[in-house]
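Top line first, the protein sequences correspond to chains A and B. In terms of UniProt numbering, the first sequence opens at residue 1 and continues consecutively. In terms of UniProt numbering, the second sequence opens at residue 1 and continues consecutively.
Hint data in this document are derived by calculation from the structure and do not stem from the laboratory. Take these hints with a grain of salt, some might be off.
Stated by the list, open to error - Pair by pair, the computed Cβ-Cβ distance ranges are:
(1) B:D39 - A:D95: 22 to 30 Å
(2) B:L118 - A:S203: 46 to 54 Å
(3) A:S203 - B:E31: 19 to 27 Å
(4) B:A61 - A:K177: 28 to 36 Å
(5) A:W207 - B:D77: 21 to 29 Å
(6) A:R299 - B:Y93: 46 to 54 Å
(7) B:K153 - A:Q289: 40 to 48 Å
(8) B:D77 - A:S296: 27 to 35 Å
(9) B:K153 - A:L211: 20 to 28 Å
(10) A:N126 - B:A107: 57 to 65 Å
The beta-carbon is built from N, C-alpha and C at its ideal position, and this holds for glycine as well.
So you can see what is in the structure, the chains are spelled out below.
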Amino acid sequence: MERLLTLRVGTSRLNRAVNLCQLNSNKLTFERYATNGQPKETIDPLPKNTMKLTGSENVRPVYGALASAAETKKDTNTSDKTSANQDVPFQSESDLRDNVLRESLKFVEELGWTIDAIRAGIRASNQSSTIEGLFSSGYDLVEYFQRDANSKMSAYMKEQMKKGEIQGTRLLIDSLKYRLGLVIPYASTWGQAMAQGALPQNSMRSWKSILEFSSEAWYGIGDTSTDINWYTKRLVLATVYKSAEVYMLQDQSQEKLDTMDFLERRLHDFQTLGSLRNTMSKSLSDTAQITSGIFSVIRNLTSRR
Amino acid sequence: MITSRLLLREISRSKSTRFLSSLTSFEPKPEQRTRELIDKIIRVDQAGELAADRIYAGQMAVLGRTDVGPTIQHMWDEEKAHLAKFNELIPKYKARPSILLPLWNVAGFALGAGTALLGKEAAMACTVAVEAVIGEHYNNQLRDLMEHADQTKDKDLIETIKKFRDDENQHHDTGLANNAEQAPFYQGLTSAIKMGCRLGIYVAERI
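Here chain A stands alone, though its shape is the one from the complex (with noise of 0.2 Å):
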């Protein structure tokens, strides 16, 4: 089905993926007599299992084409004159989206990291292809994967703090490997996505993504530090982190062992270097005593007394 041109007049895209569904309605109805001018089977537009609507954000099961233009149509709250008003299932775009993506990640090792997969995606969790709307490039599937990925690795650091056998800089080193672990098994198409990544108009969101990473595994491990450091040690942490990943692109071995021990090394360079700018920081305010008390020396020795 090819795309059909709408209008952005400034309306949100789910007005938009509305549209197109009112449009292609007369499409689908005639697909769904095509064979013979005999109905291929009743499809029945209210599924059985709908549930009232409560409101905000409820995640529903997808269901058909026509099920989810009735949904969208409640969702942007036009008037709808049928029954199905009070028993249509809600889902929110953004859950849609989601869902959407998650069964994408299947498709990328075939497809990679591109509106294809996403498209794949579509088809697979059965929704109408006009749900593509929803989506600009391939780079929406590599920041939910971000996203997916960092929120597992906080799930896992909160995990690891409750049990409490490994503590501090372990801790930290144990939920990078985590994270990149779960990098690994796309690590064929990764590159593609680092390199969609660095696409001006994506590099904005993939800035965000990688200090909310570096921020989560911060704060995953308690870090309290309210100034300039929290800053350095996020960025410090980014750059060891992303080293880490480009390493994998190369990477031959098994499993890509070498890159979890790559990571482990560049951690504890960064460690021992952390404690070399502490006692730097340290050194700072010292420095400036014996600022002072030079310039004190100074002037001692040059006035004429």
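Please build the complex by placing chain B on the supplied structure of chain A, with the hints as guidance.
Below, chain B without anything else, positioned relative to chain A:
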């Protein structure tokens, strides 16, 4: 003074033209918006309390041995407590501190010491100006929180800001009681300081 307030209201009204958010995908969910609001609030409040702490430090450095010394010391101790509270809230709400904290540090000290050098009435006038802006600012934040935040989960934050607003109003009244209005160029001084504070608040919310 009126023009600066109008100008700032116009700047803060341009929510529909947020350029950076149009580079991300969608309208943020309500929880996302609340999170961003709280992040912004904690960032600007921590920067503000640090600046207030440094202002009083500057005033004490000049006027510590005069008769208003104890008053300033008392107000300074309360500001230190405020700062400690916000430092505790930053990891709790996973907020980002302002990257310009060194700037607020230096600027606060310079303001405090500078006005104190003009005399103790001027120092009190500085206190009055700053505390007036801060009180108004906390009230704005409380209004935003009442509208957007979850009243039960974030009750601690709301109560904290209420208490701090009351403390700052008390400092304002203390400043007035200590002959702030007799400072040289009282109107000009307070307007300039208020405008500077509002600009600082605007920048700290974002950077």
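Results of checking the hints against the structure:
no.	hint	result
1	B:D39 - A:D95: 22 to 30 Å	23 Å, holds
2	B:L118 - A:S203: 46 to 54 Å	48 Å, holds
3	A:S203 - B:E31: 19 to 27 Å	26 Å, holds
4	B:A61 - A:K177: 28 to 36 Å	50 Å, violated
5	A:W207 - B:D77: 21 to 29 Å	40 Å, violated
6	A:R299 - B:Y93: 46 to 54 Å	49 Å, holds
7	B:K153 - A:Q289: 40 to 48 Å	46 Å, holds
8	B:D77 - A:S296: 27 to 35 Å	32 Å, holds
9	B:K153 - A:L211: 20 to 28 Å	24 Å, holds
10	A:N126 - B:A107: 57 to 65 Å	59 Å, holds
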